[in-house]
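A.B. asks: Listed below are the residues making up each chain.
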Amino acid sequence: MFAWIPLFPLLGALANGLLGIKFFSRKAVQAVGVGSVALSFLASAASFVALLRGSEDVLVARLFSWIPPSLVPLADGGTAAFAVDLAFRYDSLAAVMTLVVTGVGLLIHVYSVGYMAHDRSFARFFAYLNLFTFAMLVLVLGANLAVLFIGWEGVGLCSYLLIGFWFSKDAAAAAGKKAFLTNRVGDFGFILGIGVLLFVLGTIDLGSINRLAGEGALTKGAATAAALLLFIGATGKSAQIPLYTWLPDAMEGPTPVSALIHAATMVTAGVYMVARLHALFTLSGLALDVIALVGAGTAVYAATMALVQFDIKRVLAYSTISQIGYMFLGLGSGAYAAGVFHLMTHAFFKALLFLAAGSVIHALSGEQDMRKMGGLRSRVPTTYRVFLVGALAISGVPGLSGFFSKDEILASAFASGPTVAWALGVLGAGMTAFYIFRLIFLTFFGPERMDEAARLRCHESPPVMTVPLRILAFLSAFGGFVGLPHLLGGGAWFGKFLESSTGRHAGHLAAGTEALLMALSAGVGLAGIYGAYVVYVRKRGAPAFRLKERFGALHRLVFRKYFVDEFYDGILVGGILRLGRLAGGFDLKVIDGLVDGAAALTRRLSKISIFFDGRVVDGAVNGVGAVHRHASRLLRRVQTGYVYNYALAVVFGLVIIMALVVTVF
Amino acid sequence: MPILSLVTFFPLAGAVLLLALPRGRGKAVKLTANIVTGLEFAATLLLLRGFDPGTAEMQFVERAPWIKSAGIQYLLGLDGISLLLVLLTSLLTFLATLSSWKAVAHRLKEYYVFLLLLEVGMIGVFVSLDLILFYVFWEIMLVPMYFLIGIWGGERKLYAAIKFFLYTLFGSVMMLIGILVVRGHYGTFDWTAMTGAGTFLPAALQGWVFLAFALGFAIKVPMFPFHTWLPDAHVEAPTAGSVILAGVLLKMGTYGFVRFSLPLFPEASRKFAPLMVGLALTAIVYGALVSLMQKDMKKLVAYSSVSHMGFVILGLFAFTPLAVKGAVLQMINHGISTGALFLIVGVLYERRHTRLIADFGGLSSRMPVTAAVFLVMAMSSIGLPGLNGFIGEFMILMGVFPVNWVWTAVAGLGIVLGAGYMLWLYQRVMFGRLESPANASLADLSAREFATFFPLIVLAFWIGIFPKPFLAVIDKPVEKIVRIIHPETAAAAVGSGPAEVR
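Top line first, the protein sequences correspond to chains A and B.
Residue numbering for the first sequence follows this note's numbering, beginning at 1 and increasing consecutively.
Residue numbering for the second sequence follows this note's numbering, beginning at 1 and increasing consecutively.
What the hints contain is simulated information worked out from the structure, not anything from laboratory work.
Keep in mind that this is a model prediction, so the values were computed, not measured.
Glycine included, each C-beta is placed from N, C-alpha and C at the ideal position.
Among the clues, some could well be false.
Stretch by stretch, here's where chain B covers chain A in the computed footprint (C-beta under 8 Å, at least three residues) [what the hints assert, rightly or not]:
| no. | stretch |
| --- | --- |
| 1 | 60-69 |
| 2 | 401-407 |
| 3 | 585-592 |
From the derived model, a few chain B residues whose C-beta atoms are all more than 10 Å from chain A [stated by the list, open to error]:
| no. | residue |
| --- | --- |
| 4 | Ala42 |
| 5 | Leu46 |
| 6 | Lys163 |
| 7 | Pro225 |
| 8 | Phe272 |
| 9 | Gln294 |
| 10 | Ser365 |
| 11 | Pro385 |
| 12 | Pro402 |
| 13 | Ser436 |
| 14 | Ala438 |
| 15 | Leu442 |
| 16 | Phe454 |
| 17 | Leu471 |
| 18 | Glu479 |
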């Protein structure tokens with residue numbers, strides 16, 4: 001049943017990609033593009049219901065043998081037959097992921113019908129978007145690391161294609177490449193991680209890895225190595241320190257792509273992967289601490305950059321990096337379900353924020369610079385209202401979805417994560433509220449700063465865009481209630497549902513502590529909002545530059561993204577290119593020089609022997625020489641006369657050797 | 001029916017037929033050549049009908065005395081490894097022929113005759129089981145290739161052709177000496193008798209002979225540092241020549257290792273494995289680095305071959321069944337993806353008469369189908385899962401890891417760099433603004449051109465998604481070779497159950 005989920009988007013991608021571009025009308029393209037994801041969503045919902053009703057926690061669908069068995073030696077001196085099945089696995093975690101991917105994906109597909117209405121490459125866009133959905137579903141359904149990796153790389157390819165969708169734009173093409181290559185660096189770790197697991201366990205099946213890890217088949221060292229290597233892959237895909245720089249650039253892609261791939265789904269693949277292998281990661285306290293610290297560090301670090309951006313999408317991009325940091329903080333604290341919970345609520349509110357930002361951009365004919373916005377509250381009222389819901393949700397205002405998931409993460413971090421990580425998490429929460437309301441105030445409040453032409457054309461988006469926005473706003477507001485904690489009278493249903501696939505979180509807090517933490521995270525969020533209000537609304541003047549005026553040098557450092565891009569481009573990429581040039585020169589001058597030198601030496605030697613030949617031997621075989629001269633003269637007329645000489649020489653040589661062989665033996 | 005002889009010499013008959021055609025009948029010549037290579041491909045497909053994948057033994061064996069006094073036999077046979085390579089050869093030769101329809105304008109008859117002779121040599125190499133016969137085919141194949149580069153090549157064709165010729169000749173002479181020494185020990189040139197004898201050359205001698213063979217093979221692969229003939233040959237060769245050069249000729253080197261070096265000199269193979277692996281890893285990283293800075297598309301793809309063939313050598317000399325199978329499959333994969341990449345360069349060259357990356361840019365908007373084909377093949381080349389390249393690379397990396405994880409790590413660097421040069425190339429050629437007016441009216445792929453890519457695209461997906469039929473035929477032969485190298489692994493394998501147990 002669930003194996004059908006990825007099929008529909010694949011068919012949609014094939015139809016639109018192979019036929020749609022040439023033969024389909026726009027109506028047909030959107031029917032195929034949206035319809036296939038709708039079917040996939042229905043299949044996900046049906047599978048989810050079946051899982052709830054059924055007695056099995058895990059369903060496996062083995063399609064066929066992908067890589068047939070081959071022997072490999074193992075770490076313990078034994079041998080295993082390594083084989084990979086093309087198989088899917090469906091459990092509570094997969095259920096959540098497929099619902100998020102197809103559900104949010106469906107809304108974004110619908111929205112795209114409006115957003116991309118005027119684009120020439122309408123069919124290509126939907127083909128890519130469907131292909132992405134397919135790959136993402138393979139990623140979350142894959143039963144082993146190799147199938148997961150198909151999805152992992154597949155989403156990377158689609159991300160590459162969609163970031164560079166407007167490929168005539170150099171920045172877009174470069175951003176696509178940067179995304180792919182940064183992810184490749186992560187994949188380097190990922191592949192080695194798979195290698196470690198295969199070497200010590202003899203299998204890369206996800207279920208088996210968790211089972212064997214639980215049974216203690218893994219030493220702590222091996223678990224740490226595998227976990228950290230896989231996590232390197234996660235930092236690439238999920239844009240964490242140090243492999244996050246591609247994500248802000250990825251905003252070159254169309255906004256629905258930013259919402260679907262670079263906010264709601266693909267970038268959370270690393271979070272999914274860690275949660276999926278929870279038993280492995282749990283074995284290594286070191287790996288968990290690293291994950292928690294990287295997550296928390298990224299959460300704050302990215303938030304600082306979100307504070308100063310003027311491009312509305314880039315604020316959201318840094319915000320995404322920061323929010324994924326929270327998810328990893330949850331995972332690193334051992335609260336896998338909390339990480340996934342935040343993954344889901346984030347998918348709702350961040351997709352909402354991106355799509356609403358897209359609606360703003362759409363309204364302003366492509367303007368993304370918040371310095372040229374302002375006062376849009378009354379001009380795009382629906383967009384404003386849904387944006388506000390998203391902003392409140394991400395700020396962690398009590399009652400909205402982001403509050404529950406973020407609070408759970410912070411509570412878990414407090415209970416069982418490194419304390420520093422928890423403190424960073426709280427700090428980041430305040431910054432989050434501040435930057436997102438800075439965005440709200442700069443965009444929707446204050447004086448209108450756009451130029452006259454944009455002001456006149458400014459309009460609210462059509463229903464095909466606003467309806468998905470409203471639905472996402474609803475989910476952002478109320479989606480958190482599926483994980484309502486016991487303290488507030490809920491049953492923490494979400495975490496319980498995931499228990500069968502991500503295990504139970506051990507850390508428990510006293511009710512009083514939990515309440516205190518809850519109040520703290522709510523208070524920090526509200527404080528951030530108030531701070532933004534004070535800075536950007538209460539004060540008069542040019543609010544956009546307020547931080548810049550106040551903290552000149554620091555602002556410059558943060559605004560220039562801590563010069564990390566410059567470091568990566570100049571030192572790392574530049575270094576590799578220099579190395580390439582060096583190697584190229586070495587190849588040409590040294591290696592090939594030796595070859596040519598040897599050839600020249602041979603030629604000189606042969607000249608000497610020719611001299612010897614001419615004086616001594618030639619006298620005796622004058623007749624032969626004459627024949628040869630005639631032949632040469634003939635051959636010289638042929639353009640490639642020399643060729644013949646060599647060919648003759650070879651054949652002649654061959655004959656001699658053959659003769660030798662025959663006589664010797 | 002002597003099917004192997006038929007398959008080997010059918011192109012020769014075609015060449016004779018071409019010679020008999022009157023001059024000036026260009027179209028008839030082209031048509032005949034296409035039909036002959038097409039039929040040849042069909043004939044090699046027929047091999048599949050009688051082939052038994054369940055054995056490591058040589059099949060369709062033909063044996064006849066040739067030079068009796070020297071004990072040289074006309075001995076043909078094939079196992080799964082040679083089968084795949086024969087199929088690859090006949091397919092790529094057919095596609096190369098098809099791709100030449102417009103590209104080659106002068107001296108048509110000679111061109112196609114050489115192409116067909118080349119095919120005879122290549123297939124002969126893959127089915128010969130007598131070492132002298134093997135050597136003869138190995139050398140024969142040089143001659144037509146030499147002319148293809150020397151006559152229909154680019155500006156520096158003579159330099160490239162002579163370099164190619166002398167370099168490879170130098171290597172093969174070493175190999176010949178090795179062959180004679182092997183004959184001294186076994187008293188025969190018969191490969192089947194040697195592998196069946198159960199004895200090997202004495203260790204000290206084995207080392208020297210291994211090196212002699214290795215030199216011949218390494219030049220062909222080409223392994224670092226014997227690779228500099230390759231970029232020159234590629235740049236100067238006509239498109240069809242490049243396709244066959246990269247697609248098939250390079251495989252003769254790795255085939256030589258897997259067919260002769262590993263099973264005949266197992267001890268020396270083990271002893272020199274660190275050297276071979278070291279060179280392979282160097283080639284992987286070095287080739288990728290040099291690719292990065294190339295300005296000429298063909299040179300870039302040529303250096304990428306150095307890097308990719310490094311993977312094959314790495315897999316072969318890891319000696320685990322997984323890695324060796326991956327390496328054999330990767331030979332086929334490289335033929336498919338690199339063959340296609342050279343065809344793409346040919347398509348662009350035919351239109352613009354330049355191969356400089358800087359002369360292109362933004363072609364996606366004018367040539368969307370070309371862009372799509374290029375993308376698929378670039379992805380195949382950089383090992384995207386779901387396409388053929390991944391299966392081979394993944395098997396090699398995983399099969400090498402237990403032997404030495406550092407090897408996997410270094411090879412992994414090559415994968416990162418590989419994506420780098422390939423995507424950068426793609427970006428500079430296909431993306432960006434279409435600025436040069438010369439590119440403003442380029443035509444997309446014609447139906448004929450698309451036909452040359454179509455089988456390669458199908459294969460790329462087929463091997464990527466369902467490689468089982470391809471791996472099934474090499475399963476037994478590879479395990480046999482590994483057993484010879486590592487008798488102890490084989491013993492262990494009997495004890496361990498299938499993967500499902502774990």
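A.B. asks: Flag every earlier hint the structure violates by its number, smallest first.
C.D. replies: Per hint list: 2, 6, 7, 9, 10, 11, 12, 17, 18 violated.
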